[in-house]
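Student: Top to bottom, those sequences are chains X and R.
If you read the first sequence in this note's numbering, its first letter stands for residue 21, the second for the next number, and so on.
If you read the second sequence in this note's numbering, its first letter stands for residue 103, the second for the next number, and so on.
In case anyone wonders, no lab produced these hints; they're calculated from the structure.
Among the hints, a few may not be true.
Unchecked claim - Away from chain R, derived, C-beta distances all over 12 angstroms, residues of chain X:
1. Glu215
2. Gly217
3. Asp258
4. Ile309
5. Ala320
6. Arg351
7. Trp362
8. Gly376
9. Asp423
10. Cys429
11. Ser451
To be verified - With a cut-off of at most 25 angstroms between alpha-carbon atoms, the simulated PhoX-like pairs for lysine-lysine come out as follows:
12. Lys323/X to Lys190/X
13. Lys262/X to Lys245/R
14. Lys245/R to Lys206/X
15. Lys204/X to Lys245/R
16. Lys446/X to Lys154/R
17. Lys245/R to Lys208/X
18. Lys245/R to Lys282/X
19. Lys203/X to Lys262/X
20. Lys204/X to Lys262/X
21. Lys439/X to Lys245/R
22. Lys203/X to Lys245/R
23. Lys154/R to Lys244/X
To be verified - Covered, in the sense of this in silico footprint (three residues per stretch, anywhere, with C-beta under 8 angstroms from a C-beta of chain X), are these stretches of chain R:
24. 111-121
25. 357-363
All C-beta atoms in this analysis are idealised placements derived from N, C-alpha and C, irrespective of residue type, glycine included.
Spelled out from the first residue to the last, the chains are:
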Amino acid sequence: MTQSVTFPATSRRGFLKLSAAGTVAALSRPLSAHAAPKTITMLHESSFIKPFDEYVQNVLAPAYEKQTGIKVNYELTSVGSLPTRISTIAETGSGADITMNGLLQVIQFGEKYLEVADIAEEIGKAQGGWYDAGKEAVLVDGKWKAIPFSNIGQLMNWRTDWFAEVGVKKFPDTWEELYEVGKKLKAKDHPFGFELGHGFGDNHGWLYPLLWSYGGAEVAPDGKTVVIDSDETARAVDFARKFFRDTMLDDVLGWTDVSNNKAWMAEQISCTNNAESILWFAKREFPEIGKVTDQAMNPAGPKGRFHLLDSISHSIFSFSPVREEARAFMRWLMDAKQLGGWYEVAESYYQPLLHGYDNAPMWNVEPRNLPYRDALASAHLPGWPAPASRQMAESVAKYVVVDMFAKACAGEATKDVIKNADAQLKAIYRSA
Amino acid sequence: MLLDREGVFSWLMMTPPLLFLAALVGYPFLYGILLSLQDRPVAHAGTFVGLKNFMTDLRDPIFWRVTVNTFIYTGAATLLKMVGGLCLAIAMNQNFRMKNLVRALLLLPFIVPTVLSTVAWLWMLDPAFSVVNRLLVAFGWPKPGPSWLGNPTLAMISIIIINTWRGLPFYGITLLAGLQTIPPELYEAATIDGAGGWQRFRFVTLPLLRPIILIVTLFSVIFTFADFQLVYVLTHGGPQNATNLFATYAFDIAMGAGQLGLGASVALAMLPALALLIVALTIYMRRG
Chain X
21 MTQSVTFPAT
31 SRRGFLKLSA
41 AGTVAALSRP
51 LSAHAAPKTI
61 TMLHESSFIK
71 PFDEYVQNVL
81 APAYEKQTGI
91 KVNYELTSVG
101 SLPTRISTIA
111 ETGSGADITM
121 NGLLQVIQFG
131 EKYLEVADIA
141 EEIGKAQGGW
151 YDAGKEAVLV
161 DGKWKAIPFS
171 NIGQLMNWRT
181 DWFAEVGVKK
191 FPDTWEELYE
201 VGKKLKAKDH
211 PFGFELGHGF
221 GDNHGWLYPL
231 LWSYGGAEVA
241 PDGKTVVIDS
251 DETARAVDFA
261 RKFFRDTMLD
271 DVLGWTDVSN
281 NKAWMAEQIS
291 CTNNAESILW
301 FAKREFPEIG
311 KVTDQAMNPA
321 GPKGRFHLLD
331 SISHSIFSFS
341 PVREEARAFM
351 RWLMDAKQLG
361 GWYEVAESYY
371 QPLLHGYDNA
381 PMWNVEPRNL
391 PYRDALASAH
401 LPGWPAPASR
411 QMAESVAKYV
421 VVDMFAKACA
431 GEATKDVIKN
441 ADAQLKAIYR
451 SA
Chain R
103 MLLDREGVFS
113 WLMMTPPLLF
123 LAALVGYPFL
133 YGILLSLQDR
143 PVAHAGTFVG
153 LKNFMTDLRD
163 PIFWRVTVNT
173 FIYTGAATLL
183 KMVGGLCLAI
193 AMNQNFRMKN
203 LVRALLLLPF
213 IVPTVLSTVA
223 WLWMLDPAFS
233 VVNRLLVAFG
243 WPKPGPSWLG
253 NPTLAMISII
263 IINTWRGLPF
273 YGITLLAGLQ
283 TIPPELYEAA
293 TIDGAGGWQR
303 FRFVTLPLLR
313 PIILIVTLFS
323 VIFTFADFQL
333 VYVLTHGGPQ
343 NATNLFATYA
353 FDIAMGAGQL
363 GLGASVALAM
373 LPALALLIVA
383 LTIYMRRG
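So that you can see chain R by itself, here it is in the shape it has in the complex (with noise of 0.2 angstroms):
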């Protein structure tokens, strides 16, 4: 039989997910680089100009000013949200009382729907209404408090804030998986030897949860560094673009301004970033 044939068995099975993974992914990124190559007004043909498009981004202060932005924001969320997962599993991963409904309940961030999520957030932070603002001026601060949104650091720091707490629970949760495959031999081992607890920490629990820390990195890089609906929901990049993201930037080009050729290149211009660190931190994982 022609299907007991390795070869063909394999490619049979193999060509749903491929033409799957042509049909939604690779044709609508083929798609963008086309298009980030023309001069495309929406609803008029586009021209071909080359690299013009990105020359365009590369003078235009508003895209440096979202480059930087990203790589904030991207950062400082990661590195947040990295830590306290951390901190987070290594909690849940102690015996206590309602265990499985504490987890459970952690995952709530993840599971509302982002733009609802956010909305209680932009009540929260407002400064007449907020928990956050009635309970500062009650410890003193002047009235009316803050404001988180309309001062361009501290709105940069409402949104790294916003998006830690919503990413949070996918770090705890998934460290969490890892934290319980390390066998309990090699911490009773670590102890007779005369590891303290920070040198378990060091020397056992880190080293086996490299790869999985890795792993969730890497998403939660590639998430963040492609958020929108936070951004847009929260301060449409504002205030004076101190929040504005590629992606929302790209948005409001091609369709607020209706440049689809333009706002492609803007949306593009993250790939290689993200790319090179995509394949950094997999070569770093082999080596692991």
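Looking at chain X on its own, in the form it has when it is part of the complex (with noise of 0.2 angstroms):
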């Protein structure tokens, strides 16, 4: 039989040039057909607001998807896991393309993450320029190796009702307004509680301000110097001792994080220093108790008002098989048609390092967290002034600063616990 399909009539020549050419689509089509169904992973810690995690997996990861075919995985990790899931993931290579960081994580992974310079200042340049607080946090040794994402700021959370009860309307100026405040409300039994344990955040969040607010630090702008031998620390130590014990809890000295939530929901403390999530928790589980939660910018000192930086920033691994997808990600997602909902779900429990964002909507949401915006201006690393460095970290981690002020409100002298510090630091920043 003679088959009846007809061919386009070919050359020799011509069937040698389509051959060639089909043999180069052939080489050059594995590239990219094997990559095909790609996936980003991007690795978070939980989030205390739910619809903010909800946000990613319902709303951005779809979205992405249906616009470029990659699979975003949205992985969760439990709170305080995250620094022992990034060490796993940049010991072995593999695990996630792209990472939330802490305060510390930027420092101590810098070397496994990419540069992201270019996508960090185009975000800049479209959304009113970053915060010097966060460029703080993500450069290191010059290089930006995250995007800076949000701070979740520690400010003063007090108890309007209580205050009011001593003559106070608006919450102190100073520390030493607030010292006498929190004496008249002791005798009331209504006292302050201030984290001076080992937590993760609540203890550095006002011992570091406190401390930089009369002048003093633990290493000079060089990242070498040990400075925490001071005048100006020794005031502060003083101030924290008689702050400590005329005014607060005896209890404090053992606490952990959340020690100070739970004191707050039983009406044990009137004033302490905490994240949003006080006020958030209390509207929604105790709404009696958040009619009378109010929060205010740290106290000032004799030398400044100030703020802890405890900013969260992304980073990619250097190692990730899919760096120029996670990358194009972070560009999309950091793009305020994405990034400005993301921000408004959690309300201001993400305070966004990007002045774009200083009078956005979000902060009209609840005006009780404003104090959070302004603090932002004032808001530093644990080693400030000098740049975030591992030395930092070893002594973020080895509570140095925090029991230096620990002790003195247990008893001990002051030139006592400075000296330790000093001795302790001096052993730390030995190696910068």
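Hints in hand, dock the two standalone chains.
Tutor: Structure follows, in structure tokens:
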């Protein structure tokens, strides 16, 4: 039988050309064909604000997949486990492509992160510019190793009804004024409660700002010279001792991060230093307490007003097989169209480090959160005025400054606790 | 057949467990030693520094505090568990109603995951909510009662008590098993010889129980020495390092500060003391 299928007439030379083109096409194909259904894994610490994570899972990730065909796997890890997870991924070179960073991870893992100056600068230019604090947290040796996302500020939380009982309507402006109010409130069985134990954040959150506001610091701007042993530090320590003795519960010396939240909801304390979560939780679970909870910037000391920078940021692992896709995704994610909505679902728990959001509608949802925005301009890392360093991370992990204050509060002499901290810091910064 | 030869067969049987031990115990252990000899920041390549990390530890005042803490914690908790466990075992060895139920219930503290039971203790030791302080205040203690986790001494006492509470059933049940292997004839003979209750305990029970007490103590010392979860959940080493132990301090340095080498050196610093103790106990047991 003769075949009825007809082929287009092809000359021998034409055939060769075609097959050569075919070969080229075939050779170039596998690269794109092989990686067809691409996935980007983004590691995030599970948020205290549930809608925040749900927004990525239900809105942003599906939208990106629809637009580009790239699947975004938003992987959550429990609170507190992020450093350990990043360690594992960085050490083994696999597990995620993008990760969230807390306070210290950019410094520790910078070597395993891609430099992202181009993306960060582009985002900054488009959205009003970065806060200095945003840069402070992500620059490692002058290189952008992460894209700043937000600060989770630590501020003063205070009971308006009890403060009013002692005639105070507006939160005191200085530490000394706050001390005077605290004395009166403790006498009325409404003590203060500021963490002085070994938690992760609520201790550093007020003790570093207190130290700075009296003019003290742990290290000079060179990041090498330890300067903790100063009259300024001594004044801050002396203040902390009387502040603890005359305004607080004894138990704060053993507190960890959950303790002040618990004490707040149990109506045990009239003032503490915490993130927005206290107000957020009170409004939902204890509305009566929520109504009389307000927030304020940290009090000022003789040398100014300071806050602790507790920023989060995102980095791309340099060993990721989908580096370029991850870059493109971060560019898309941090675009105002996506970013604005993401910030908004969490009200202002995540305070943007971009000036473009200074007057965003998210701040109108809960005006009591506005101090968190205003605190950004005076927020710094624990090792400030030195740039972020491994030594700073070690000092934080060893609770050097926290324990200096705590020991003084427990009764040790000012010069002894400072001498001790000085020796510890010198041992730590020796390697700088 | 090759397999019929004793030497070949026994080695064949021994190989899987040996490989298992080498992979899961040997490798991490050797890797830990290797780490402790390096300056090894997390996510950076390490450089060999010899014993520098151990020298750093020796100069670190927190390290010494941690060493003292760990010895006090292990010593006190083990002693309490030993005495308490023995009393518990003797009590459980008597005949009473619902004996089996009570024996089973005794194991509860040991069965409940440490993190869970520790969180329960966290609430019990809270000055505002705790049953402990409510009771003390009810009996006339000035309000709000002692700060169990805020006062350095009380915090150490608290973790010792909780560790004892958790470890007691292990002692109790193991010693109970030992008690039941003692032939009743020996007690009868002792009674006939005129021995009283105390003498029966001193000259019959204790000598026969000694090997078991030693084994349980050995295990208990190792577990207590390396305890992590209890302290991590309850105090995180605070207040002012009063409850920081080798394991929690090593974790903070390795994971918090990202100094894997230095952290490994802190963790390994407990090795010589533990090894010495184990050797001493083993020699003592063999002689017995």
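Student: If a hint holds in the structure, say so; if it does not, say that too.
Tutor: The hints, checked one at a time:
A beta-carbon of chain R is positioned within 12 angstroms of the beta-carbon of Glu215/X; the least distance is around 9 angstroms. Interface exclusion of Gly217/X from chain R breaks down, the closest Cβ pair being 4 angstroms apart, not more than 12 angstroms. The claim that Asp258/X is not at the interface with chain R holds, since no C-beta of that chain comes within 12 angstroms of its own (minimum 18 angstroms). Non-interface call for Ile309/X relative to chain R: holds, since the shortest CB-CB distance, roughly 15 angstroms, exceeds 12 angstroms.
Listed as outside the interface, Ala320/X is consistent with that label: its C-beta sits roughly 28 angstroms from the nearest C-beta of chain R, beyond the 12 angstroms cut-off. The claim that Arg351/X is not at the interface with chain R holds, since no C-beta of that chain comes within 12 angstroms of its own (minimum 25 angstroms). Residue-level check passed: Trp362/X sits 28 angstroms from the nearest beta carbon of chain R, beyond 12 angstroms. No Cβ of chain R comes within 12 angstroms of the Cβ of Gly376/X; the nearest lies about 33 angstroms off, and the non-interface call holds.
A beta-carbon of chain R comes within 12 angstroms of the beta-carbon of Asp423/X; the shortest separation is about 5 angstroms. The claim that Cys429/X is not at the interface with chain R is violated, since a C-beta of that chain comes within 12 angstroms of its own (minimum 9 angstroms). With a least CB separation of 8 angstroms from chain R, Ser451/X falls inside the 12 angstroms interface cut-off, contrary to its annotation. Under the criterion of a C-alpha separation no larger than 25 angstroms, the hint pairing Lys323/X with Lys190/X is consistent with the structure, at around 22 angstroms.
With a C-alpha separation of about 21 angstroms, the suggested pair Lys262/X and Lys245/R falls inside the 25 angstroms cut-off, and the hint holds. A threshold of 25 angstroms between alpha carbons decides the hint, and for Lys245/R with Lys206/X the separation of about 13 angstroms falls inside it, so the pair holds. Between Lys204/X and Lys245/R, the direct Cα distance comes to roughly 18 angstroms. Compliance with the 25 angstroms bound is thereby established for this hinted pair. Proximity of Lys446/X to Lys154/R is assessed by CA-CA distance (about 16 angstroms); at most 25 angstroms being required, the pair is judged to hold.
For the hint linking Lys245/R to Lys208/X, the alpha-carbon distance of about 14 angstroms falls within 25 angstroms, and the restraint holds. With a C-alpha separation of about 19 angstroms, the suggested pairing of Lys245/R with Lys282/X holds against the 25 angstroms cut-off. A hinted pair counts as satisfied when its Cα atoms are at most 25 angstroms apart, and Lys203/X with Lys262/X qualifies at roughly 10 angstroms. For the hint pairing Lys204/X with Lys262/X, the CA-to-CA distance comes to about 14 angstroms; that is within 25 angstroms, so the pair holds.
Between Lys439/X and Lys245/R, the direct Cα distance comes to roughly 35 angstroms. Violation of the 25 angstroms bound is thereby established for this hinted pair. The straight-line distance between the Cα atoms of Lys203/X and Lys245/R is roughly 18 angstroms, inside the 25 angstroms bound, and the hint therefore holds. A C-alpha spacing of about 20 angstroms is found between Lys154/R and Lys244/X, which places the hinted pair at or below 25 angstroms, so the restraint holds. For the region 111-121 of chain R, the stated coverage by chain X is violated: 0 residues have a C-beta nearer than 8 angstroms to a C-beta of that chain, whereas at least 3 were required.
Residue count for the region 357-363 of chain R with a Cβ under 8 angstroms from a Cβ of chain X: 5. That meets the three needed, and the coverage hint holds.
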